[in-house]
Amino acid sequence: MEVTDVYGLGFIDSLLLISFLSLIFYYAFRRKEKVNGAFKLKDFPELKKLKTSSPNDVVNETSNGFVSKMMKSEKTIAIFYGSQTGTAEEFANRISKDSHRYGLKAAVFDPEEFDMSDLINLKEIPKSLAVFLLATYGEGDPTDNALPLKEWLQEDHDLN
5 MEVTDVYGLG FIDSLLLISF LSLIFYYAFR RKEKVNGAFK LKDFPELKKL
55 KTSSPNDVVN ETSNGFVSKM MKSEKTIAIF YGSQTGTAEE FANRISKDSH
105 RYGLKAAVFD PEEFDMSDLI NLKEIPKSLA VFLLATYGEG DPTDNALPLK
155 EWLQEDHDLN
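Numbers 5 to 164, taken from our numbering, label the letters of the sequence shown in order.
If you are wondering where the hints come from, they were derived from the structure by calculation, not from laboratory data.
Just so you know, not all the hints are guaranteed correct.
As the list claims (entries may be wrong) - Once the Cα atoms are required to be at most 30 Å apart in a straight line, the calculated DSS-like pairs of lysine-lysine come out as:
(1) Lys76 to Lys127
(2) Lys79 to Lys154
(3) Lys73 to Lys101
(4) Lys101 to Lys131
(5) Lys79 to Lys131
(6) Lys131 to Lys73
(7) Lys154 to Lys101
I would like the entire structure built from these sequences, with the hints used as guidance.
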């Protein structure tokens, strides 16, 4: 009969657990070296490869805008989809791929992820076009991701 302690671990289980934890502790702190009598962490070359960013460098999609994304990637067609089940999104992606066959560059956007007031700036791109593929549910209600677009359009903005 094996002797167990309070936690239900036998002698061998405890020995293996202590050995495992000791190896982890050794590996975590073995990168120290002694410099002038004090321990100093060695340089981690893999961390030097990482690019650090300041809070000013972080840009979310709404502050960047879809028009600037289109300008950077030299696209002229913006395809917005409003989809509850994914059908309109799939159709938007299919139209985008088909446009490339004809030498046109299109980008697909979810209207929920971008500020629709940026739509006014679409005229900055020469020969630009906006396509809206919007599904409905119920009695013609907009999908969840198309609600911001519907609300923005109801504010009666001048799109000329």
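Checked hints:
{"no.": "1", "hint": "Lys76 to Lys127", "verdict": "15 Å, holds"}
{"no.": "2", "hint": "Lys79 to Lys154", "verdict": "24 Å, holds"}
{"no.": "3", "hint": "Lys73 to Lys101", "verdict": "18 Å, holds"}
{"no.": "4", "hint": "Lys101 to Lys131", "verdict": "19 Å, holds"}
{"no.": "5", "hint": "Lys79 to Lys131", "verdict": "10 Å, holds"}
{"no.": "6", "hint": "Lys131 to Lys73", "verdict": "16 Å, holds"}
{"no.": "7", "hint": "Lys154 to Lys101", "verdict": "26 Å, holds"}
The structure meets every hint from the earlier list without exception.
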